[in-house]
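> What follows is the residue order along each chain.
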Amino acid sequence: MSDKSHIIGEIIARHHEREGPLLPILNDVQAEFGCVDSEAEAMIAHGLNLSRADVHGVVSFYHDYKSEADPRPVVQVCRAEACKARGVEQIIDAAKNAAGERVKVVPVYCLGLCSAGPAARTGDDLHVRLDADSIAKLVENA
Amino acid sequence: MTIVKISDDALARAAGADKLATAFEAKGCEVQRTSSWGMHWLEPLVEVDGKGFGPATLADVDTILDGSSDKGIGEIAAHPFIAGQTRYTFARAGKTRPLSLDDYKATGGWAGLERARKIGSEAIVEEVKTSGLRGRGGAGFPTGIKWDTVRKAEASQKYIVCNADEGDSGTFADRAVMEGDPFALIEGMAIAGEAVGATRGYVYLRSEYPDAIRKMNAAVDLCAEIIAPFVVEIRVGAGAYVCGEETSLLNSLEGKRGEVRAKPPLPALEGFLGKPTVVNNVLSLAAVPHILTEGGAEAYKDVGFGRSRGTMPIQLAGNIKHGGLYEIGFGVTLGELVNDIGGGTASGRPVKAVQVGGPLGAYIHPDQFDIVFDYETFTAADALIGHAGVTVFDDTADMLGMARFAMEFCAEESCGKCTPCRIGAVRGVEIIDRIAAGGRERDVIELAPQMHNTVKDRGRTVAEEVELLTDLCETMKFGSLCALGGFTPYPVMSALKHWPEEFGQK
Chain B
1 MSDKSHIIGE IIARHHEREG PLLPILNDVQ AEFGCVDSEA EAMIAHGLNL
51 SRADVHGVVS FYHDYKSEAD PRPVVQVCRA EACKARGVEQ IIDAAKNAAG
101 ERVKVVPVYC LGLCSAGPAA RTGDDLHVRL DADSIAKLVE NA
Chain E
1 MTIVKISDDA LARAAGADKL ATAFEAKGCE VQRTSSWGMH WLEPLVEVDG
51 KGFGPATLAD VDTILDGSSD KGIGEIAAHP FIAGQTRYTF ARAGKTRPLS
101 LDDYKATGGW AGLERARKIG SEAIVEEVKT SGLRGRGGAG FPTGIKWDTV
151 RKAEASQKYI VCNADEGDSG TFADRAVMEG DPFALIEGMA IAGEAVGATR
201 GYVYLRSEYP DAIRKMNAAV DLCAEIIAPF VVEIRVGAGA YVCGEETSLL
251 NSLEGKRGEV RAKPPLPALE GFLGKPTVVN NVLSLAAVPH ILTEGGAEAY
301 KDVGFGRSRG TMPIQLAGNI KHGGLYEIGF GVTLGELVND IGGGTASGRP
351 VKAVQVGGPL GAYIHPDQFD IVFDYETFTA ADALIGHAGV TVFDDTADML
401 GMARFAMEFC AEESCGKCTP CRIGAVRGVE IIDRIAAGGR ERDVIELAPQ
451 MHNTVKDRGR TVAEEVELLT DLCETMKFGS LCALGGFTPY PVMSALKHWP
501 EEFGQK
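Read top to bottom, the protein sequences are chains B and E.
Counting from 1, position 46 in the first sequence corresponds to residue 46 in the numbering used here; the numbering is continuous, with no gaps.
Counting from 1, position 337 in the second sequence corresponds to residue 337 in the numbering used here; the numbering is continuous, with no gaps.
Just so you know, these hints were derived from the structure itself, not from any lab.
Do not rely on the hints blindly, as some may be mistaken.
Claimed, not checked - The calculated lysine to any residue pairs, modelled on SDA-like cross-linking and capped at a C-alpha distance of 25 Å, are: (1) Lys417(E) - Gln90(B); (2) Lys96(B) - Asp70(E); (3) Lys256(E) - Asp131(B); (4) Lys275(E) - Arg18(B); (5) Lys417(E) - Gly57(B); (6) Lys417(E) - Ser60(B); (7) Lys104(B) - Glu412(E); (8) Lys19(E) - Gly57(B); (9) Lys66(B) - Ser38(B); (10) Lys71(E) - Asp131(B); (11) Lys321(E) - Ser60(B).
Predicted model only: the values in this text are computed from it and were never measured.
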C-alpha cells in the first residue's frame, strides 16, 4: 500500500464514525497534501461507500479544496467591502509586484478584521493595517 | 508583581499583541491574555491596574511601566466607548481569560444552564419568548418560537446547530464571542439543547477564522463534563460564503455540496440529517445564558426599540476612526453610531456611504442617518440590519464599482441551485459594465432582420441599461431561493438610488 493511501485511510478511519464525515475528511486531506486530487477522491469515495461523482461534486463546490498542490507560499489578501473602504485596492498592486511568480497572492472575502484592514493571512498568521510597503514586505517574507 | 492584561483576540495578535506580551514578561510582569474590550483602533491595548494604553508598540513597554507613556487612555471601563454600551452578550469582554473555566464561573458562568436544568424545557422556551430575542444572524425570526417548534416535534434525535459561518464583510461579533467568550456560546447551546430535547450540538465554523477554531475546540474539551450529557462538536467549513445560509449550512454539515434547500420543510422540523434542528447564529445563542439567569429575560426585554428587543452587538468597520464592537440596545441611530461613537472616517474625509448588514446590505446615504437600529425601521427603508455590521466609506468610494462588486461576489459565491442568482448575478456584472461604458452599440444578432422588435438606428442608452438592471434586480429579489440572490439587489439598487450620477443618471 502506498503512503498516500495509507494516510488517507487513517484520515477516513479518524472521521468515519461522525455524522456527515466528508468535510472533516476533505479538510484533513487538503491540509495533508495541499490538494484533493482525483486519486484522493477515489480513495475517499471507496472508503465512505460513495460514488466518485458524489465526492467530486463536493470537492469542486468549495473554494478551499484544490485539484492540484501548489508548492508556492500563499498570501490571502482580503478584498471585501470593509477592506476596500480602507484602501486595499490601492495597495494590491504592490503585493502582486512583490509576489511575481514566486508567491501566490489570492483574494479572500473577509478575515473578520474589518475595523483594522487592509488585512491579510499567511498560514495561520493574520496581519492588519497594511500599507503598500508592509504588504510588499509581507509577500517578500512569505 | 505587576499584572498586565493584553488581549489574545485575533485582531490584537495581528496588530502585534504576542510580541508585546513577551516583552512585558521579559520585564518581569505577569501577563494575562484576556479577551478584547472591542476598541479595535487601540489594539494592542495594554491594561495595567484598570488603566489602558494603546495602540501599544514594543517601544512603549518601558514608558507604560514607569508611568510616563503618552498613550494612556485612562480607566478603560470609564472610556466613553465602553461606558456608553449595554453589554449583556459581551459582559466579559476585556475582563476574562477566554479559556479559563475559573474566570468564566467567577463571572456568573453556567448560572443560566443550572437554572435552565431546574425550570425545564417549557419554561426555558417561555423565558426566551419573554426576552423577545430575535435571530441575530440577519432574518430576525423570534428565537423562542423556533425553539418551541423544535421542542414540540417528535423525533428520536434532535440537534442544535450553531451558525458560525460569519462570512459577511464588516462583521466580526461572532468571532469576538468565539475567541473571547467561547464558554458562553457553548452554554447557550447546552441551554437550547435542554429546551428542545437535543443532546448533540454542532458549531459550523468558517475556515477563515483559525484562532476561533483553535479556541472553540479547546473550550469544548475543557467543559465537556459540565455540559454533559449534551455534546458539542466543532465543524470547520471550506470557504463557501453561501454556507452561512442555514439550509446550505446543513447540507454542508452533512457532507454535501453547500446548496440551498427549498423551504418548507423548515429545518426546525427536518433539518440536519432530516431531524428537527435548531439553527441559530452565534450571537443568538450567546445571548441566551444571560437571558436564562434569574430576571435576565425581563432585563433583556426592557432594552430595545419597538419589536426589536434587547441589545445588538454592532460592529463598526471599514473606514471609521473608532472601529470595534459596540453592544447597545436597539433604537440607536445610524448617525450616532458613525459620527458620535465611531468618530467619522479614519481618513478624516467626509462620510459618503455606510453599508449596514454585510455584502447583501443596502448602502445608506448620510441624509438617512436619522434611521434607528430596528428590524422594522430598516425594512421600511429598503435596508437590512443583517448581522449588524456597519461599514463606513469616505468620499473616495466608487459606488458603481461597489455595485458591480456586489454582483461579482454573488456570481462567485452563488451555490448554483436557482437561476436568478446563478445567472442573474453574471448578467448584473455585464449590465453594470455597460453602464460604466456609457451604453452599447447594437450587436449583430439585434441587427438581423428577424429581430424586428429591436430599434436598429441607435445603440442601447445608459437609461435603458439602468432599466434593465432594475428589472433584473426585481427578478433576483423575488425569484431567488435564498438571501444571497435575494438580497444582492439591495446594495446595487441602493447605490443606484442614492448616487445616480455615478450610473450616468441625472
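> Hints first: check each against the structure and report whether it holds.
Outcome of the hint check:
no.	hint	verdict
1	Lys417(E) - Gln90(B)	violated, 35 Å
2	Lys96(B) - Asp70(E)	violated, 38 Å
3	Lys256(E) - Asp131(B)	violated, 40 Å
4	Lys275(E) - Arg18(B)	holds, 16 Å
5	Lys417(E) - Gly57(B)	holds, 13 Å
6	Lys417(E) - Ser60(B)	holds, 15 Å
7	Lys104(B) - Glu412(E)	holds, 19 Å
8	Lys19(E) - Gly57(B)	violated, 43 Å
9	Lys66(B) - Ser38(B)	holds, 10 Å
10	Lys71(E) - Asp131(B)	holds, 23 Å
11	Lys321(E) - Ser60(B)	violated, 41 Å
Violated hints, in rising order: 1, 2, 3, 8 and 11; the structure is consistent with all others.
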